[in-house]
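Visitor: Listed below are the residues making up each chain.
Protein chains: 2
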Amino acid sequence: MAKFLTNRDDNYAQWYNDLVIKADMAENSVVRGCMVIKPYGYAIWEKIQAELDKMFKATGHVNAYFPLFIPKSFFSKEAKHVEGFAKECAVVTHYRLKKDEKGEGVIVDPEAKLEEELVVRPTSETIIWNSYKNWIHSYRDLPILINQWANVVRWEMRTRLFLRTAEFLWQEGHTAHATREEAVEETERMINVYAEFAEKFMALPVVRGYKSENERFAGAIDTYAIEALMQDGKALQAGTSHFLGQNFAKAFDVQFTDKTGKLDYVWATSWGLSTRMIGALIMAHSDNHGLVLPPKLAPIQVVIIPIYKNRNEAEDISKVALRLKDGLEKKGISVKYDDRDNNKPGWKFADYELKGVPVRIAIGPRDLENNTVEIARRDTLIKETIPQASIYDHVPGLLEDIQNNIFNKASEFLKQNTYRVDKWEEFVDIIENRGGFVMAHWDGTTETEEKIKNETKATIGCIPFDSPREDGKCIYTGKPSKRRVLFARSY
Amino acid sequence: MAKFLTNRDDNYAQWYNDLVIKADMAENSVVRGCMVIKPYGYAIWEKIQAELDKMFKATGHVNAYFPLFIPKSFFSKEAKHVEGFAKECAVVTHYRLKKDEKGEGVIVDPEAKLEEELVVRPTSETIIWNSYKNWIHSYRDLPILINQWANVVRWEMRTRLFLRTAEFLWQEGHTAHATREEAVEETERMINVYAEFAEKFMALPVVRGYKSENERFAGAIDTYAIEALMQDGKALQAGTSHFLGQNFAKAFDVQFTDKTGKLDYVWATSWGLSTRMIGALIMAHSDNHGLVLPPKLAPIQVVIIPIYKNRNEAEDISKVALRLKDGLEKKGISVKYDDRDNNKPGWKFADYELKGVPVRIAIGPRDLENNTVEIARRDTLIKETIPQASIYDHVPGLLEDIQNNIFNKASEFLKQNTYRVDKWEEFVDIIENRGGFVMAHWDGTTETEEKIKNETKATIGCIPFDSPREDGKCIYTGKPSKRRVLFARSY
Chain A
3 MAKFLTNRDD NYAQWYNDLV IKADMAENSV VRGCMVIKPY GYAIWEKIQA ELDKMFKATG
63 HVNAYFPLFI PKSFFSKEAK HVEGFAKECA VVTHYRLKKD EKGEGVIVDP EAKLEEELVV
123 RPTSETIIWN SYKNWIHSYR DLPILINQWA NVVRWEMRTR LFLRTAEFLW QEGHTAHATR
183 EEAVEETERM INVYAEFAEK FMALPVVRGY KSENERFAGA IDTYAIEALM QDGKALQAGT
243 SHFLGQNFAK AFDVQFTDKT GKLDYVWATS WGLSTRMIGA LIMAHSDNHG LVLPPKLAPI
303 QVVIIPIYKN RNEAEDISKV ALRLKDGLEK KGISVKYDDR DNNKPGWKFA DYELKGVPVR
363 IAIGPRDLEN NTVEIARRDT LIKETIPQAS IYDHVPGLLE DIQNNIFNKA SEFLKQNTYR
423 VDKWEEFVDI IENRGGFVMA HWDGTTETEE KIKNETKATI GCIPFDSPRE DGKCIYTGKP
483 SKRRVLFARS Y
Chain B
3 MAKFLTNRDD NYAQWYNDLV IKADMAENSV VRGCMVIKPY GYAIWEKIQA ELDKMFKATG
63 HVNAYFPLFI PKSFFSKEAK HVEGFAKECA VVTHYRLKKD EKGEGVIVDP EAKLEEELVV
123 RPTSETIIWN SYKNWIHSYR DLPILINQWA NVVRWEMRTR LFLRTAEFLW QEGHTAHATR
183 EEAVEETERM INVYAEFAEK FMALPVVRGY KSENERFAGA IDTYAIEALM QDGKALQAGT
243 SHFLGQNFAK AFDVQFTDKT GKLDYVWATS WGLSTRMIGA LIMAHSDNHG LVLPPKLAPI
303 QVVIIPIYKN RNEAEDISKV ALRLKDGLEK KGISVKYDDR DNNKPGWKFA DYELKGVPVR
363 IAIGPRDLEN NTVEIARRDT LIKETIPQAS IYDHVPGLLE DIQNNIFNKA SEFLKQNTYR
423 VDKWEEFVDI IENRGGFVMA HWDGTTETEE KIKNETKATI GCIPFDSPRE DGKCIYTGKP
483 SKRRVLFARS Y
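Residue numbers (this note's numbering), protein chains in the order written: chain A, 3 to 493; chain B, 3 to 493.
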């Protein structure tokens with residue numbers, strides 16, 4: 003166990019925070035609630051961006067960029083949206099600083115007050131639909147399939163690195179369609195893209211489903227989400243896709259002429275995934291030794307560490323190591339050769355375990371003699387010695403194996419920690435003592451949902467798409483219910 | 003000539019603005035000075051990002067992300083920096099909106115006033131060096147070679163799409179070094195990276211040089227810049243790299259222990275390139291038909307347009323077109339097949355000329371019979387008919403040829419419009435009537451520089467690295483000078 007990490011089983015929250023800091027992923031900045039994403043953490047975000055961007059483009063989307071600032075009045079245009087987003091926002095009121103005549107520093111110039119305050123975007127539906135108004139006239143202008151990579155700000159009171167920060171990075175898709183059916187189809191397509199990304203790249207099994215009315219995006223007719231289960235038994239919403247109906251088109255008066263010449267409001271979707279996913283990635287797979295990164299998102303997939311006693315040995319090992327590095331890189335694998343001589347091999351071993359590098363290759367004098375290397379995998383910590391000649395065939399398969407193993411382990415954990423519950427006492431016991439996903443019947447009312455939340459802190463993660471029709475009684479009120487929904491305490 | 007474009011020779015500024023709008027690159031947003039970068043314009047930025055990012059990584063840099071907000075007091079810490087940047091800034095003073103009890107909308111909650119105002123970053127030296135303070139203790143922590151892709155805000159009073167906007171996108175590199183020499187070397191390395199990028203990818207010849215003291219970055223010891231010449235004879239600064247000395251390390255108290263155990267302040271550089279480059283790209287190469295894009299940055303390199311009279315012809319042409327598209331894509335070329343039937347071929351031809359697609363392939367019934375295609379290049383507008391079978395060999399070479407031709411044309415223009423001038427009357431005449439780069443002697447004082455600027459609007463673009471030592475007399479004062487500097491009116 004890494005000595006400087008809090009034990010995961012003693013204090014999960016502290017373990018998580020230690021890990022983010024010690025693995026050099028991110029840190030809190032001097033600005034309240036804003037983090038600095040350090041190079042190692044940002045490299046994971048770059049990998050996430052690259053893969054998602056490919057998937058977005060493969061499904062017909064293009065990128066664009068809309069302003070950071072939104073006029074305050076825009077928030078009042080959509081009735082529900084204003085309640086959800088026009089609250090904890092960063093508000094720009096002035097556009098100039100000037101020298102403080104009385105002191106050393108600078109002060110806000112009272113003469114430079116904006117006529118209308120600007121809000122730093124917490125999400126961009128309003129400013130984007132205000133633009134779409136000028137872009138859309140006829141059905142020929144549709145669909146519009148735009149994504150934006152951007153920073154957004156929500157003035158959160160309690161923040162945690164990656165999981166909840168005042169400023170965060172994300173992508174937000176905003177699409178416009180001629181028909182309701184097409185928009186619903188897009189909403190589904192994108193939640194499936196997120197689910198596929200989570201499972202294939204993040205090795206994170208997810209449950210796809212509808213949000214309850216209470217948990218929907220402010221301004222949406224329907225919100226789809228993917229829910230993942232963390233190792234402490236809490237749920238984490240890992241991506242959402244919203245069917246917005248004609249709400250924003252009506253709010254910003256975006257109408258189009260359809261094929262029959264009739265005027266109608268445009269149908270909309272929006273969908274987003276953020277740097278929060280890095281928090282999910284860390285919490286889902288890591289252990290007391292540090293991060294466990296799925297090879298497909300690991301900034302460094304293989305690290306090579308030389309073990310030597312003198313300069314001669316070091317030089318001989320270097321030659322082999324650089325040859326192996328080169329050969330692996332030709333296979334498209336990212337490799338770091340760490341021959342810094344200010345740290346001992348044992349220190350390096352622990353450091354790359356902490357950083358979750360999937361495969362470690364060590365080469366010592368004995369290996370030179372035998373033409374072997376020692377190869378260790380981060381997920382199971384199992385080591386073996388293999389011939390140098392076989393490494394180019396071995397490593398690609400090993401990386402795939404690690405990726406699958408991490409996913410399977412998380413899937414097994416999800417399965418083991420999903421409960422079908424029909425009695426209130428059992429519901430409370432599991433939520434309070436074990437955690438996990440509790441599949442239970444619910445009478446469909448926001449009132450009951452709120453009462454359950456108040457008594458147990460459990461919320462409805464989602465109503466899974468694949469939850470079968472089944473007659474039952476609400477876990478709380480005993481009223482009739484047609485399907486089970488997913489309850490959990492949640493991040 | 004595209005009818006909807008203002009003639010370039012009649013009104014260059016209006017031609018530029020028309021072009022940006024009509025080619026669907028960007029538009030002004032409802033927020034003063036902020037633009038919307040539309041998908042076609044953003045696709046060029048994505049190409050710029052991809053190529054620059056590769057070059058940054060090849061020179062040892064990594065990406066990270068620092069907060070959007072900077073505490074107001076940070077700006078006062080570096081004496082020169084405060085004068086340059088703590089002026090026209092967007093200032094966040096509140097963190098909450100609330101319902102207007104008297105009306106329909108929302109108002110800023112007076113209770114939610116920040117203790118210290120936050121400035122939306124105009125550049126990030128201060129917040130980054132405040133972080134580096136905690137990262138750097140010993141020479142072993144150096145160098146730090148970090149780049150950030152981000153949005154920044156400078157409250158410009160007069161804005162123009164891409165060239166000068168309140169919010170813009172850019173990258174900013176911020177590096178920390180143990181020695182002055184290393185930092186100077188880095189400053190030079192990065193201006194050379196920018197120059198190579200401009201010439202190789204943007205097909206834009208540039209002059210590399212030092213900025214005069216007056217034009218330096220606020221807080222820099224030395225600023226290097228690349229200057230490009232636009233078709234109207236004005237200069238455009240296309241990228242800058244700053245040697246910051248120990249100024250920011252002193253302002254934020256960032257010291258390190260060197261190899262000998264001595265404590266010293268850290269040496270710094272910063273360097274940036276922004277979406278302004280898209281404006282340069284447009285202004286340098288385009289003509290009265292529309293954009294002329296260098297193939298290496300063109301979102302679509304080849305467009306294929308079918309010409310048919312009936313459905314049967316359309317189907318037969320489609321088969322050939324899709325086969326050609328597929329074959330070209332396998333060569334790594336981006337191809338669009340435009341078989342929309344709501345616009346005639348002539349309209350499409352004009353539209354893709356407007357959008358600067360480097361190569362257009364047209365296939366009609368006659369081509370089907372003869373196994374040929376008509377191929378047209380955007381830069382020269384020359385058309386030829388070639389056998390279908392030769393297309394996979396022909397197009398890659400043609401794209402290279404177009405790239406080179408655009409660069410050579412711009413180089414020739416730069417050469418033709420660079421003047422060695424020794425008389426004040428000639429200086430004034432060229433600046434006022436012809437435009438271009440004027441290489442003239444200067445006495446080295448800010449006073450003279452200001453006077454020349456006031457009388458002619460010409461500034462010192464840079465003191466070119468390759469301007470040879472040459473005894474002469476200042477063009478304005480007649481005082482002795484050791485080398486010529488580059489004067490121009492500038493964007």
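It is possible that some hints are incorrect.
The list cannot tell twin chains apart, which means a pair is met if one copy fits it or any two copies do.
[As the list claims (entries may be wrong)] With a straight-line cut-off of 25 Å between C-alpha atoms, the simulated BS3-like cross-links for lysine-lysine are: (1) Lys100 <-> Lys89; (2) Lys24 <-> Lys101; (3) Lys79 <-> Lys101; (4) Lys24 <-> Lys135; (5) Lys100 <-> Lys252; (6) Lys338 <-> Lys236.
Don't read these hints as lab results, they were simulated from the structure.
Visitor: Against this structure, judge whether each hint is valid.
Guide: Hint check:
1. For a Cα distance limit of 25 Å, the shortest separation of lysine 100 from lysine 89 across copies, 6 Å, qualifies, whereas the shortest one inside one copy, 29 Å, does not.
2. In the homo-oligomer, the alpha carbons of lysine 24 and lysine 101 never lie at most 25 Å apart, since the shortest distance is 40 Å inside one protomer and 43 Å across protomers.
3. When the C-alpha separation of lysine 79 and lysine 101 is checked against a cutoff of 25 Å, the pair qualifies only between copies, where the shortest distance is 13 Å, while the shortest distance within a copy is 38 Å.
4. Taking the closest pair of Cα atoms, lysine 24 and lysine 135 come within 25 Å of each other only across two copies (17 Å); inside a single copy the shortest separation is 48 Å, beyond that limit.
5. In this assembly of identical chains, lysine 100 and lysine 252 lie within 25 Å of each other by CA distance solely across copies; the values are 23 Å between and 42 Å within a copy.
6. Neither within a single protomer nor between protomers do lysine 338 and lysine 236 lie at most 25 Å apart by alpha-carbon distance, with minima of 35 Å and 47 Å respectively.
When the structure is compared with the earlier hints, violations turn up for hints 2 and 6 and for no others.
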